[in-house]
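Q: Residue numbers (our numbering), protein chains in the order written: chain G, 1 to 527; chain R, 528 to 1054.
Do not take every clue at face value.
Facing chain R, a subset of chain G residues (Cβ under 7 Å, in silico) [said to hold, decoys possible]: (1) 126; (2) 127; (3) 143; (4) 259; (5) 339; (6) 340; (7) 341; (8) 359; (9) 449; (10) 451; (11) 464; (12) 477; (13) 492; (14) 497.
Sample of chain R residues lacking proximity to chain G, with all beta carbon distances greater than 10 Å (derived) [claimed, not checked]: (15) 546; (16) 557; (17) 653; (18) 757; (19) 868; (20) 883; (21) 961; (22) 972; (23) 991; (24) 1004; (25) 1007.
Derived from the structure by calculation, the hints contain no laboratory data.
What you are looking at is a predicted structure, and each value in this text was computed from that prediction instead of being measured.
Ideal Cβ positions, reconstructed from N, Cα and C, are used throughout, including at glycine.
2 protein chains.
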Amino acid sequence: MATLHGLNFVGAALRKSGRTFSVATPADGTPLEGRFHMARPVDAEEAAEAAAAAAGPLARATGEERALLLEAIADEIVALGDDLVRRACAETALPEARIVAERGRTAGQLRLFAAVAREGSWVDARIDRAQPDRQPLPRPDIRRMLLPIGPVVVFGSSNFPLAFSVAGGDTASALCTGNPVIVKAHRGHPGTSELVAGAVRRAIERCGVHPGVFSMLHGEGSVVGVQLVRDPRVRAVGFTGSRAGGRALGAAAAARPEPIPVFAEMSSSNPVFVLPGALAERAAAIAEGFRASMTLGVGQFCTKPGLLVAIEGPDLARFRGLLAAAVAATPPASMLGDEILAEFDHHRDALLAVPGVRLLSHVDGADAACTQAGAVLAETDAATFLAHGRCADEVFGPMSLLVAACDARELHAVAAGLSGQLTATVHGSAADLDGSADLLELLAGRAGRVIVNGYPTGVEVCHAMHHGGPPPATSDARFTSVGSAALERFVRPVCLQDLPPHLLPPALAEGNPLGIERLVDGVRGRH
Amino acid sequence: MATLHGLNFVGAALRKSGRTFSVATPADGTPLEGRFHMARPVDAEEAAEAAAAAAGPLARATGEERALLLEAIADEIVALGDDLVRRACAETALPEARIVAERGRTAGQLRLFAAVAREGSWVDARIDRAQPDRQPLPRPDIRRMLLPIGPVVVFGSSNFPLAFSVAGGDTASALCTGNPVIVKAHRGHPGTSELVAGAVRRAIERCGVHPGVFSMLHGEGSVVGVQLVRDPRVRAVGFTGSRAGGRALGAAAAARPEPIPVFAEMSSSNPVFVLPGALAERAAAIAEGFRASMTLGVGQFCTKPGLLVAIEGPDLARFRGLLAAAVAATPPASMLGDEILAEFDHHRDALLAVPGVRLLSHVDGADAACTQAGAVLAETDAATFLAHGRCADEVFGPMSLLVAACDARELHAVAAGLSGQLTATVHGSAADLDGSADLLELLAGRAGRVIVNGYPTGVEVCHAMHHGGPPPATSDARFTSVGSAALERFVRPVCLQDLPPHLLPPALAEGNPLGIERLVDGVRGRH
């Protein structure tokens, strides 16, 4: 096992501080190696200064140079081998197969963004050439492209120690578009964070990139995190976590003299609507599929299905029994940490305390160290659901609420009453779906992703993915944190008017030296 | 002249209220025809309800249907003929040629968005097809497109009674993408607003579109405007006006339980950097060009150049004399209204009161009614400019500040000290420009549009235009309010996973029935 130094990565430097913390494995409380240094205000200052110094050089780097950096980071992460897997498993209590899969996803994500950087068309180049003879006034030459915005602060998430952390999707999309990154490492997995940060630094050295493009600090989000969000050199923030955390960062960013965007992916109940035909045809399969999705990773996914909505009747009665039995047969497992387990207990109990909500099925934690959470299925009727906003709130962990509607109209009312969601799912027979255009349209208005006959967990990293949704699921319905469109968060357009040809950036130059897709005088093509 | 009813357009209805106001021509205080009804809270309620009812039908309308509506609006506005021109001139004191040109721009803008709606590729369709045999897990079919967001509130601006008002760029881009519009008419030109609203309504009737797609209300921005921004049915806001107004609307929108974006284009000083070679080669031409741009429309453009930065020396001394003389020879003219004139006087005096700022040249208003503003040129040195934030603030009206730097380093410091701007301009000889890569890069980081050897007034409506810029120029550096990219403000992506083929919207269907540009499995084309 690699030795952990516990220091903060401040550009090219490693910095210690007077205050340290350590972590224990959530599975049984065994203390883990490493004392991690809480970053001081001066460390955040210097990280921001280093990022600002690196912004110009990284913005001027070619797409190929950025692609090589992203690929080198992927290679270095994979090269960490079992050390990384072991440490991540120990810090999160997630099983090895999950961490190995997440490492593959993280490397694949970095390589996807490398391909996007290398190809280069993401700059959305648009050229409207001069018309010197136009009447009544000549038209100037106008060219527009997307540019990086500058240093981005990324908050590591608790539940994806690799894919949404130090070198996850936020970091990859920021670097792809030429923005330096400062990571605030999550408190729950500092050793994993240090290993990945070391991999990033080795990649930076190998590629000869300005060392200010990457820093990583340990510490409290509400202290060093907020300091970074307020720093005038920082231009955007990526965050995956709680609604309270996302809102606090958003408020800090909005209160700056020059506000900056905070892209916060916060909470979602991911409702699943099971229509009558599906309930009749596939009750057992849906019960098992839903159970597997709601308990995957101990329910610690932002896309965990927290609501199941169906219409009362004999088929739902049968389904209810199947699902309750499946939930009761699911072994309990350790959550990511004490605080997350305590939050789960709190929100579970609050939901069960709503008048009209009843417990259908549950499993108790079974370990002596009391780190486990058991799956919980509760039930209520649509009227209660609609009357108590608490029923629609996310419970982070392995709990779902079955909502029984008395008819299709009431099922629609539940859908219409939903606030913004990351996902919404419909299970239906062919006949159900043919009659569901209204429901699908309604859900598309409330969720970032609408799924038919599937489950919301499992978010593909691809061009067409939209992992977002209207508030309060995220802070901004227009942006995704997964897939190649995630880069749109960290860019801004600039228009160049009548620049001498030799001063134009290559993306906007005559002859299209980069060979990218451009919109020239309204016509799209590689010209 | 058409008779004005003064009523509020609430969907298909016309509504009066107990409180009315009238306007006078700013040029000489002559009362103008028409008593305009201040919308009541119930009118705003009903307009929002009508817009919400129209949102579904308009979202489902084809691109061709939306294009026909936009073209019909353009036709109906042009068909208003001299009535519209006369009323707009009377309400704004802008000259006839300007209003005629602005009408052309407004119709052209509507037709540009019609073409974009008809062509259809704006939905940014992306398809990643299923890979059922992928290991370790199959990949689902994932398709993503942009959808309209719902009712948009548009605040008419004072300085563009046609192009940024009732049927201006905000309305055109919202309708193009399928969003109903509620206009809060500007208090300064209610008659012009009524005429245009009537044209929009006739177009809606002619095209058989849901009448809820358009409402227009008279009243105070801080009352009926804020009510609309807070209405839960409203999904976005477009605003062109003061920094205080934009920030107040932004705060109201952010305080909603489900916050919505406010696209506010607020203020900019539009600095012009005149480099030594240009000063030596073209002093007279630049002095005249700058004067014309700063006094165009009595300086009432968001892109009015309010700062001119150059390096001290004999060439600047000569230029200073030429510019001062040109300013002194500019006839005064009536501003858009009393309040705007009073604001101009206030901000002009505040700038002149900054220690180290001196008056170089000015013209007095010459009319008995005291509605005119004369051009004003002030001067300071770079050290004073950098020490007093007030020097960089916009003065809305015909005033500019010449900033003399002692050398190139100080000129760069002035550029580096700028906050977000709509535009930044560089005048340079060929040799100047060859040495200006750093300055151009610096300005591209602070302005939405960088202009070489031109003037910032005159904003082309085209695909490559970016009329925006970092805060405080606008509320969001990523979006433009002019040009076809302005539609990006009123859309959000939605991802559809594993939908049965026959339930896919045409933009995402197999075989590409709309023939639009799409990104299919990572390859762009009309496939």
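Q: All hints, please: hold or fail.
A: Quick rundown of the hints versus the structure:
Here the hint on residue 126 of chain G is kept, as its CB sits about 4 Å from the closest CB of chain R, short of 7 Å. A distance limit of 7 Å between C-beta atoms decides the matter here; for residue 127 of chain G the minimum to chain R is near 6 Å, and the interface restraint holds. This hint holds: residue 143 of chain G has a C-beta 6 Å from the nearest C-beta of chain R, less than the 7 Å allowed. Because the beta carbon of residue 259 of chain G sits about 6 Å from the nearest beta carbon in chain R, less than 7 Å, this interface hint is met.
Given the 7 Å rule on beta carbons, the hint for residue 339 of chain G is violated: about 27 Å separates it from the nearest Cβ of chain R. A least Cβ separation of about 26 Å between residue 340 of chain G and chain R goes past the 7 Å threshold, and the interface hint is therefore violated. The beta carbon of residue 341 of chain G is not positioned within 7 Å of any beta carbon in chain R (closest approach about 28 Å), and the interface hint is therefore violated. Hint on residue 359 of chain G is violated. Least Cβ distance to chain R is approximately 30 Å, over the 7 Å limit.
Because the beta carbon of residue 449 of chain G sits about 4 Å from the nearest beta carbon in chain R, less than 7 Å, this interface hint is met. At a threshold of 7 Å, the smallest CB-CB gap from residue 451 of chain G to chain R is about 4 Å, leaving the interface hint in force. Given hint, residue 464 of chain G at the interface with chain R, holds; its Cβ is 4 Å from that chain's nearest Cβ, closer than 7 Å. Checking residue 477 of chain G against chain R: minimum C-beta separation of about 4 Å stays under 7 Å; hint holds.
Evaluation of the residue 492 of chain G hint against chain R yields a held restraint, the C-beta minimum of about 4 Å falling below 7 Å. Restraint check, residue 497 of chain G versus chain R: the minimum CB separation of about 4 Å is within 7 Å; hint holds. With a cut of 10 Å on Cβ distances, residue 546 of chain R stays outside the contact zone with chain G, its closest approach being about 35 Å. A cut-off of 10 Å between C-beta atoms confirms that residue 557 of chain R is not in contact with chain G; the least separation is 30 Å.
Under the 10 Å C-beta cut-off, the non-interface status given to residue 653 of chain R relative to chain G is violated; the minimum distance is some 4 Å. At roughly 15 Å, the least C-beta separation between residue 757 of chain R and chain G is larger than 10 Å, which holds for a residue marked as non-interface. Every CB of chain G is more than 10 Å from the CB of residue 868 of chain R (nearest about 28 Å), matching its label as outside the interface. Residue-level check passed: residue 883 of chain R sits 23 Å from the nearest beta carbon of chain G, beyond 10 Å.
At the 10 Å boundary, the C-beta of residue 961 of chain R falls inside the reach of chain G, the nearest C-beta of that chain being 8 Å off. A beta-carbon of chain G is positioned within 10 Å of the beta-carbon of residue 972 of chain R; the least distance is around 7 Å. Distance check for residue 991 of chain R against chain G: the nearest CB is about 4 Å away, which does not clear 10 Å, and the non-interface claim fails. With a least beta-carbon separation of about 4 Å from chain G, residue 1004 of chain R fails to lie farther than 10 Å from that chain, contradicting its non-interface assignment.
Not every CB of chain G is more than 10 Å from the CB of residue 1007 of chain R (nearest about 7 Å), against its label as outside the interface.
The structure fails to meet hints 5, 6, 7, 8, 17, 21, 22, 23, 24 and 25 from the earlier list, while all remaining hints are met.
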